[in-house]
Structures are given as C-alpha cells and as structure tokens.
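I would like the entire structure built from these sequences, with the hints used as guidance.
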Amino acid sequence: MDPKLFAYLAAGLGAAFTVIGAGIGIGKLAAAAMDASGRQPEAAGPIRISMIIAAALIEGATFFALVICILLALK
Amino acid sequence: MVNGVQILVSGDSLASAARTGTEPASSSAMFAELFEHAHDAHEIQLPFLGTIDLPHFAPLHVAGMTIDLSITKHVVFLWVAALLLFIVAVAAARKQGSTRFPSGVRNLMEVFVEFTRNDIVLPNMGPGGVRYIPYLLTTFLFILIMNLMGMIPYGSTSTANINVTAGLAIIAFIMIQFAAIRSQGFGHYLAHLTGGVHWTLWPIMIPIEILGLFTKPFALCIRLFANMTGGHLVIISLLGLIFLFKSYIIAPIPVAFAVGINLLELLVAVLQAYIFTMLTALFMGLGIQAGHAEHAESSHPEVGH
Chain G
0 MDPKLFAYLA AGLGAAFTVI GAGIGIGKLA AAAMDASGRQ PEAAGPIRIS
50 MIIAAALIEG ATFFALVICI LLALK
Chain P
0 MVNGVQILVS GDSLASAART GTEPASSSAM FAELFEHAHD AHEIQLPFLG
50 TIDLPHFAPL HVAGMTIDLS ITKHVVFLWV AALLLFIVAV AAARKQGSTR
100 FPSGVRNLME VFVEFTRNDI VLPNMGPGGV RYIPYLLTTF LFILIMNLMG
150 MIPYGSTSTA NINVTAGLAI IAFIMIQFAA IRSQGFGHYL AHLTGGVHWT
200 LWPIMIPIEI LGLFTKPFAL CIRLFANMTG GHLVIISLLG LIFLFKSYII
250 APIPVAFAVG INLLELLVAV LQAYIFTMLT ALFMGLGIQA GHAEHAESSH
300 PEVGH
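Read top to bottom, the protein sequences are chains G and P.
Here the first sequence is numbered in numbering that gives the first Met the number 0, starting from 0 and rising by one per residue.
Here the second sequence is numbered in numbering that gives the first Met the number 0, starting from 0 and rising by one per residue.
If you are wondering where the hints come from, they were derived from the structure by calculation, not from laboratory data.
Careful, some of the hints might be misleading.
To be verified - Mimicking BS3-like on lysine-lysine, the simulated pairs with C-alpha atoms at most 30 Å apart in a straight line are:
1. Lys94(P) <-> Lys245(P)
2. Lys74(G) <-> Lys3(G)
3. Lys74(G) <-> Lys72(P)
4. Lys215(P) <-> Lys27(G)
5. Lys3(G) <-> Lys94(P)
6. Lys215(P) <-> Lys74(G)
7. Lys74(G) <-> Lys245(P)
See below:
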C-alpha cells in the first residue's frame, strides 16, 4: 500500500468534517440573525453587517483546518 | 475570467496531446499542472505577447536560512498594486483649487477614507484612534487592490502567497503592540502580560499571554491566505472537470459554476480586506482602551459620592 494513502484519506475526511462544522456554525449564526431581524426590522442593517463579520471569522477558523488538509494532500 | 482563460489555453495543449496519442502522465499530473496557475511562478504570461521570464536569483544563505529573493509573479503584482495605490492616492490628495465639491478620483478616495474613519476606526478605537487612520486605510486599500488584481484575466493574487500575508500580519502585529504601548505605557503593557494573577503563577501566565499575542496576527495571516487561495483552487478544480471528462460537451456546467464562484470571490476579496483591517483596528482598540482604563483609574481616584 502506498504510504501516502492515509495522507490523502485524511485530507479528504478532514475537509469534509471541517465543512460540516463550518456549515453548522454559520447556519446557527444565520438563524439567530434572521430571528433578530424579524423581531426588529429596522435593525436589519447592523445585524446583517455583524452577521457577515462573524461568518468571516468562523470561516477563518475553517480555513485553518483546510490549509492543513491541503498540506496533507500535496505531500 | 480569473485564470479561466489561462487554464483553457494551457489545457488545450493537454487536450491536443491526448488526441495525438501521447497521454498526459496521469490525471494527478494534469491537475498538478492546472494547480500551477495558483502557485507562484517564475514567469508572467501576457495575453497576446507570450511569456516573460522573470529573473531568477540564486538563493541566499543567511544565518542558516535559505532566502530566495528572485522576482516572481507574485512579487511583480505586489509592486504593480503598490504603484497603482500610490498613483491613485497621490492624485486624490492633490489640492483641488477652489472647487467646493470633490470630483473624480478624490471623490472615490473620500468614500474609502470616510468608510474607514466612520465604520472601522471610530467604533473600534474611539477618538484616540484617528492617528492610525493612514495605516489602516493603506492596509485596506492595498489588500483590496491585491485581491482584485487576481480577478482580472492574466492577473495573479499576491495575497494568495503566504509570504505576502505573513508580511502584512507582521506589520499588523507591530502596529498593535505600538498602539498598546503608546496608550498604556511600557510598564503597564508588561503588567498586562501577567494577566493580573498572583506572582507565583507568572511562569505559567506569561508564556501563554505572549503566545496569545502572536495567535491573533497569525490568524489574520492564515485567514487572508486561505480565503484567496481557496477561491482560486475551487475555480481551477471546476474548470479541471472539463479536462477530467475529456469532452467539451459538459463544458457549460463547470463554466456556470465557475461564474458563480467568481462572483462569490469578488465578494470575498472585498470582505477579507475589510475583515483584516477591522480586526487590526479591533486589536489596536483593545490596547488603547486598556490604556484609557489605566489612566482613568490613576487620575480619578474613587471619592465618596
């Protein structure tokens, strides 16, 4: 068996689980933002901006894991 | 669109090689060649003029490290972005005579300056942060221009190189410490490194706090790098599907997806420039506000109401 088999396998599985985590996190964030906008439609602008910022931060953490997966896949 | 033109041009040579019977080594070799478009390169491809070979200097060996100072594609586009920003900023800052309304490039720059001042600096750093507006504006516009240069055909994203984002993060780190030290005074700054625990816990707290100082700029670096690289990799992978299936019939589907991802990348380019700048301003603001809390405590001792 090619010793790099596990590296490629780990890269694929790692990327999948990472995206699951990011999807759940940003989904909950978007749900909270929708609720807040529904309660107070006039605050929708600032809520939208905060939502985008928080989503970018969560994605930043996701990309840490994705960079590791890319490093594994390129070995 | 982005590197699609380059990929289709270079992929054509792969496809023609396949047709004449000389198979490309394997699909992984084909993908490796496609991924080359996202990496740094020692040559620049121009639309109709062919390829320019860039000077390739021998690596220097300095203090045990090997430093490669050759001018690569990302370095050239870094300089192009800096030159563009310099020209636009100088043109905008020129005195405009007695006109009351700003016009042209000055109007455009005023939009950015006002945005930085009202939405990034003042909410995060308070009125004491006005002195840092030039640095934050430079960061925002420089990263924005570099990100957007990757969107034009035959352009390349310099921020997709971790050395570039590491340089930006190092400067951000220096500025954050500078803002904190300037506001708190060096003594209080060191005192904050201990975290306010009993002195017996200092050997544990101080390394953790120092490590915490480094994680924030490190996150800035990785976030920008991974966002920019990831966007291009997705587009390259989607367009590589056409070559994987070795037929042009299915081409509209990956191209449609690639158009969507390109639009998303435009949003991400602007958003990541904003996030980098806003987080730098936030961290600087934390340092400045800690300094204000110190000064408020020492100059307004508690008296009975």
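- Hint by hint, which ones does the structure fall short of? 1 and 5
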